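Given next are the chains, with one letter for each unit.
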Amino acid sequence: MTHWAMVVEAYKCTGCQTCTTACKVENATPPGVYWRRVLDLEVGEYPNVRRVFLPTQCMHCEDPPCVSVCPTGASRRRDDGIVYIDYDVCAGCGLCALSCPYGARWLIKPYEFYYGEPTEYELNKFDRRMEGAASKCTFCMHRVDRAGETGKKPGVDPEVTPMCVNACPAGVLHFGDLDDPESEVSRILRSKKNFRLLEELRTKPSVYYVLEGEIVLPTEQVAAEP
Amino acid sequence: MVVKRVPTYCYQCVSGPDLLYVMVEDGKPIGIEPNYDISDKHPARGRICAKAYGLIHKTYNPFRIKSPMRRTNPRKGISEDPKWEEITWDEALDLVAAKLREARAKGLLDENGYPRLAVTLGEAGTPMGYYGSFNAFLAAWGPVDYSFGSGQGVKCYHSEHLYGEYWHRAFIVAADSQRTKLVLSFGHNDNATGGVNSIWKHMSAKDRGMKWIQFEPHMSVTAATADEWIPIRPKSDGAFMLAMMNVMLHEMDWRESTDVDFVKRMTNAPYLVGPDGFYVREKGSGKPLVWDPVEGRARAFDDDGIKDFALTGEYTVEGFEMGPDKETVREGEMRAKPVFELLREHVKPYTPEWASGITDVDPRTIRRITREFVESASIGATTEVEGLQLPLRPVAILTGRGVSNGWGAYLVVWARTVLGALVGALETPGGMVGATTRLNKPMHDRLATVRIGEDGFMAQSLNPTGKGLWRIDSKSRNFHRALSPLVLDSSWSQALGPSTIAWYFMDSPAQNWPRVTPPDIYMIFRGNPMVSFMDPDLIARDLSRMPFMVAFAFTIDETNWFADVLLPEASDLEGLQLFAIGGTSYMEQLWDYIGVALRQPAAVNRQVNSMDMTDISTELAARAGFLREYNEAINRGILGYPLKTPMYDFSLDPERKYSAEEIWDRVCRAATWTLSGGDEVHGLDWFREHGFYLARFSRLNWYLHPLMVAKKLRYEVPYNERLYRVGRELERRLHEIGVHWWDAKLDEYTPFPVWEDPLDKWDEWVRELGEDPREYPFWMISTKAMPQLGSTTVANALLADVSRLIAGQRALLMNARVGRAMGLRDWDEVLVEAPTGKTARGFVQLREGVRPDVVVASGQLGNWLTPVAKDIKMININLLTKMSMTTLDGTGSTADLLRVRIRRVD
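Here the protein sequences line up with chains A and B, keeping their order. Letter by letter, the first sequence follows residues 1 to 226 in the numbering used here. Letter by letter, the second sequence follows residues 1 to 906 in the numbering used here.
Hints may be right or wrong, so weigh each one.
Said to hold, decoys possible - Cβ pair distances, simulated, as ranges:
id: 1; chain 1: B; residue 1: Met822; chain 2: A; residue 2: Leu39; range: 21 to 29 Å
id: 2; chain 1: B; residue 1: Ser676; chain 2: A; residue 2: Leu107; range: 53 to 61 Å
id: 3; chain 1: B; residue 1: Glu256; chain 2: A; residue 2: Glu212; range: 27 to 35 Å
I should point out that these hints are in silico values taken from the structure, not numbers from a laboratory. Because the structure is a prediction, the values reported are computed rather than measured. For every residue, glycine included, the Cβ atom is placed at its ideal position computed from N, Cα and C.
With the hints as constraints, model all of the structure from the sequences given.
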């Protein structure tokens, strides 16, 4: 079996949004719709504070609430773990977006263009079926699914790897098969302490996070006494 | 449908070029991906920056200038509609060529001696990657004035550029982060501006255990990934570094805290200094003396018989001191001390307790970090680089924008260089290395710029200050040769001169100084000084004075609003050019390869009647009557490689007009011949398919150390004896003609920089404006993020959409507690008032990672004409501040710093 998963070594994330940008170009999402984005967070209080960048996206849960609430059956989970939406079936009711605890789903109605009028690129690239439907990260399944025909390996060969992973200049994002003990994602998860977001909801996400242990706030007083 | 990969590059910031593929299906671009074929040779495994992914959206921007335009309203001003009229390329080129011919006929210099043609190339050095053969046009023209700045000297690492090149050929200083263990970063914001190479290297180093400590008034995107953030008071970085020296040289045993051998042999620390502050020189030879403690006598610094160098003590020696204008200021027997002894005395008062009161950093933290710095330097360790055993000193001190420019920057860049030298981490593996040379020649070969000069140091081609040698010439309207000895006089020097002065003096003439008159023809390429420099009202007055202005134009912007002709050149993905990659380059590009990459038409906006920059340049040269000189400049190698050498001949017939394709085909051939030593020759068609060509580049080229040792040279630190003399000479020259308005700048020409709070200069300026600094309680500073909007990306709606996800990109950042106390909440609208009388409205975001006395304005928005950007309400420090002689430092630079007060708009 195959279980596609992602590991996010968030402690190296510089918040540059290169993954966000590459995703938007690859998937031609409209302005204001972010299938993935990097949250810019703070923990602690001045001066004992940490700024944390947290890349977020669809978690491709093993038990996805978005799939179980979908009244049309448009939201589905494949055997390889990828959760996707059949735009032709989706009625755009938005229940899935409400049920997703990660805020990862985006309703596109109507499709808007970056400069108002559609550009040649947008006309050529955007998927009209998305209009009026829910949308979200697909783990770039159009790339991953080319693995079979090309003999290439997702997570290793960029041609069949999600664009955000190819794009990250900090080496934060890793993609691969959890069921392959030799995949990079399996190796990282064996060697580094990791967690999944909102694990208590038992959605069993396929996206894992690695921080440098806990977020440790500075204990030493660095600022001088006033 | 088959998807074709068209290789090209992005150079929208100097940390590129990033090599990419435009994915093209049925002739239409459908995506952008990294050029994976270079991933095993590229320092960042071939990754590309967020801005590169925005290139298709940039190309298809519907607000682009669609054809050449001519101004029909002769009046120019911010509120004067140019009343553009569409014209053909033929008409546009003839119109510009006629003006060029007219100017040539009158003589290349005007009646005041200034070049009749002035050109601004904006956005740091990035136009080089886009201007095709425009540099051949400029070289063939003759004297050109590049002194009108669009941000340089304010937004750049100006003091690092000038002093860095002087001390160790480091226009940019980088950490050798493959080996570095500890980085002390004073506002160095590499996660925003270091490009993919810096990020990849730093994060790989982080996984390896490198520690990064970030000193910064707010928590930038770089501070976010740092191991520690020290919220230091703005502009107090130099005080922290002085305290580090104090700890190393007084609290610690300096015999252990410093690399004594490096200090003795690679710096001027053992040189003896006389009572007047100059080296004591040997009679006859004029060589600086050192004290040999074994022999108990003074000897010339390079005497083969020296047994050891004294670093401490005081000695009675026979010799002479040479002052300004080579005058002997003292001779005979005198008391003298080694530079190192003087350095210890100099830093003695600068204790951690003293620095704490200035920096707001706890003295215990200063001591701890200093000890960590010394321990991490692993003095005595060595490593092998390509078969050569070299010192391994894995510590680096990096500085950033605002820290390494403007008042206080001289102290900072000096102290950082001295701290590096004290532990031997200057130009050695793991330490601080120069990544780029831009002022010394040859610009493309850093090591070749190291030549043997006077007194045991590198040769320096400073602009002359000696009697009979100094003069005010009109080569540039910022007078770089007269006012800035350190900026030298090579192709980048004018632009790195005191660039404020060209604008400022045209508006407000200076006493006893030539009037700055406008150039007959002003050309601007990829720059928007109205928004990216400062003081748009003043710049608008100057632009209105320009009789004929040509703007290469992407969209309408605040500067080209003043132009007479707009030329929509083929943009990033539309033009053709071969450009240098690899070697060592800024920011932290240390490659194992060197070579060239092609930029080629990969996506074309058919709605825009654009023309390739090379074709524009050829046409203008031909129509203005200097095609021969233009072709000859290309033959000589101005496009990167000479087209004719004794080994090959791809040269152009000087009398013939060539297409861009023909020209670059020959450059491709010359480049590959040269890089392969004649083994391979590839033309344009090969590059269209393969994209780049690389040859090996030795890592020994990353460090000056082996060359310095081989040439028996020393770094000219810690004691700036030569600059002290130069400063006194410049003072004499200026006073001889009654010029006193530069006096404060001359205070920077000291052998050791002394602590003076740089913020006092800004307060002095506020008082000159008739205001009370205490009424403006916040210091406004600026910062950056990678995808943020800048001059070359400002009209890109995709980058606008992603950059807003980063805190502070659409609002002023303010300390949360302070904001709450003022009754503010996130995204409240505020009015910002500056002591200049200027105001701006914008939003605030309350954050914990901001000092209470600081507000942070990102980017350079506030546009009122540029499409996309004009719809974003954002505060821009440039629009609130004004030009002033008071805030210019000795190198003619200033910094993004402004006192403001803030109140809520109800």
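Consistency of the hints with the structure:
1. With their beta carbons about 26 Å apart, methionine 822/B and leucine 39/A fall inside the hinted range of 21 to 29 Å.
2. Checked against the given bound of 53 to 61 Å, the beta carbons of serine 676/B and leucine 107/A, roughly 56 Å apart, stay inside it.
3. About 32 Å separates the C-beta atoms of glutamate 256/B and glutamate 212/A, a value consistent with the hinted range of 27 to 35 Å.
Of the numbered hints given earlier, the model fails none.
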